[in-house]
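Chains as they are written, first to last, in UniProt numbering: chain A, 1 to 315; chain B, 1 to 315.
Quick caveat, the hints were computed from the structure, so don't treat them as lab data. Treat the hints loosely; a few may be bogus.
Just so you know, same-sequence chains aren't split out, so a pair can sit in one copy or run between any two.
[What the hints assert, rightly or not] Listed below are the simulated DSSO-like cross-link pairs for lysine-lysine, each with C-alpha atoms no more than 27 Å apart in a straight line:
| no. | residue 1 | residue 2 |
| --- | --- | --- |
| 1 | K289 | K308 |
| 2 | K34 | K293 |
| 3 | K311 | K225 |
| 4 | K34 | K9 |
| 5 | K5 | K106 |
Protein chains: 2
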Amino acid sequence: MVTLKDLAKEVGVSVATVSRVLNNSGYASPEMRKRVMQAAERMNYKPNEVARALNTSRSNIIGVLVPDISNPYFPKVIRGIEDEAIKNNYRILIGNTDHDFDKESKYLEIFNQNNCAGIISATWTVTRQDNLTTRPVVLLDRVVKEHISIEADNLKGGKLQAHHLIQQGVHHVLLIKGLEDYSSFENRTLGSREVLGENQVPYEILSHTALNGTLESGDIAFLEKFDGIICPNDLVAYRVLNVLINHGVSVPDQVKVIGYDNLDFSQYVYPSLTTIEQPIYQLGRNAFKMLMKMNQGIEVESEVLDVKLIKRNST
Amino acid sequence: MVTLKDLAKEVGVSVATVSRVLNNSGYASPEMRKRVMQAAERMNYKPNEVARALNTSRSNIIGVLVPDISNPYFPKVIRGIEDEAIKNNYRILIGNTDHDFDKESKYLEIFNQNNCAGIISATWTVTRQDNLTTRPVVLLDRVVKEHISIEADNLKGGKLQAHHLIQQGVHHVLLIKGLEDYSSFENRTLGSREVLGENQVPYEILSHTALNGTLESGDIAFLEKFDGIICPNDLVAYRVLNVLINHGVSVPDQVKVIGYDNLDFSQYVYPSLTTIEQPIYQLGRNAFKMLMKMNQGIEVESEVLDVKLIKRNST
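Chain A with its partners taken away, still in its complex shape (with noise of 0.2 Å):
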């Protein structure tokens, strides 16, 4: 093992020097900075966690992907893997993808040249192939065939919410569907799907690319139409009522309304939201465990969380 003062003597300079130069902190000269490098590589010697990392161990740095950090659940549960992270010593790269392929491949990229020690993905669709990284990987929210993934109940918080709204009375029901391909989406509408059918309360679905132009549109006579509204997330319930109260319409009386996720806001919006609470620090929390636990080669389980009702206003 090579160390600082070895490196001092070859090039016959002071420790401070040398540590000066490869720490990359104050001045060295160019012509001070060349022999200095040369030496410690010369030598062989390993400054820094990149050297280690090069060096084939796994650095003690986890990569996160999220798709979108605009929206606070995910900001949430990157709080929930960086504490349990900072409590085990290791820090987290956050990747935001915005749903596109390429930045993903990038930020996986980033993520292998930093040696990551695994890999928590909120980003990876039901009909992902490829892996495009050999690191253990934890999926979060996203349930994809052969990966080790945490999410919290999709299908139960799907049902919870046709009947609770069912239970309030609503006789017509518009589904809005969130973003095609991500698990949590589908198995929320499937679950109120399911319940829907069975106690035969008509319903329309609106898909997730048709959402905006009837929110942008104002488009209220089609709103109208249903006195019960499901929500794939907070923050399209947030603009659903925003657009219904704006056009005068009366939630709960006239239309009543329902969230996913039950994000810090949901309590301050008008009229407080009904929605279901994901344990979202916790999903995380447990993520940054599970991935650990990989690395030390002991086997991991999928898990699933529980989910519940919220009941605020807007129901």
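Given chain A's structure and the hints, the job is docking chain B onto it.
For chain B alone, coordinates are given in the frame of chain A:
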């Protein structure tokens, strides 16, 4: 320049095998891994970004430090930085410091190890002495002596808050301070106090530390003493509104509340929040552009963007 092919020839294996080892992407025996890595080192092969970074050039990664990713202000700043970064073929590493100096130091280490091309920081306090990095730094929403920074006019914003409440006829104002030591909050308070003083409107100041106690205890007798409340940001305003409304205090009739930031959610809360709009996304974009100029050796001056009042139903 040593190529993969040179390396494969030297080790006596296929290019695919060498690539698998160097990119850590697929199976290679420990023995094979060792042979390839040793040859790579011997021939001074630079397999990837990390190796390039070690070789003294800067990587195409920039580090971003935020105090609290749960405040939607920061994800929006990050989107601005990231969108501009991607356009320029850069990537960002995000560090969430939680106002914790140790966490921040750790992230600065990671940024050094990744040989980041520069750092955008929203975490530096006014009393900050030590840089901890020799890389170019742009401070965002923070002004610290002898550093390049970008902010939206906090002094003006604070003045606008007070002006608006006075115009709405308030007679006794509660001025809630933001976290100490951040220039942005200091300047907002300064602006508000100046205008309140000029107009001889009496006011009391509630420190950031005292705020939680007041809100958690729901000390409504204290809050009701005032007919106007100036909040340091929208998140605080949401909580203040919530306590007031839950205690049957009429907003804006009895108490008028004004926020700061204009987060997306501020149009959805009840009552919808009057606030000061910062060009949050633009702050992020410009910060990245400034950093790129600094990297090119172009002289850069600190920037101050404009803010404006958004009038809604809470005043």
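Cross-check of the supplied hints:
1. Taking the shortest Cα distances, K289 and K308 sit within 27 Å of each other inside one copy (23 Å), while across copies they are farther apart (45 Å).
2. In the homo-oligomer, the alpha carbons of K34 and K293 lie at most 27 Å apart only across protomers (26 Å), although the nearest pairing inside one protomer, at 42 Å, exceeds that limit.
3. Within a single copy, K311 and K225 get their C-alpha atoms as close as 23 Å, which meets the 27 Å cut-off; across copies the closest is 32 Å, which misses it.
4. Taking identical chains as interchangeable, the C-alpha atoms of K34 and K9 lie at most 27 Å apart only when both belong to the same chain, with a minimum of 16 Å there against 29 Å between chains.
5. Proximity of K5 and K106 under a CA criterion of 27 Å is satisfied inter-copy only: 24 Å between copies versus 38 Å inside one chain copy.
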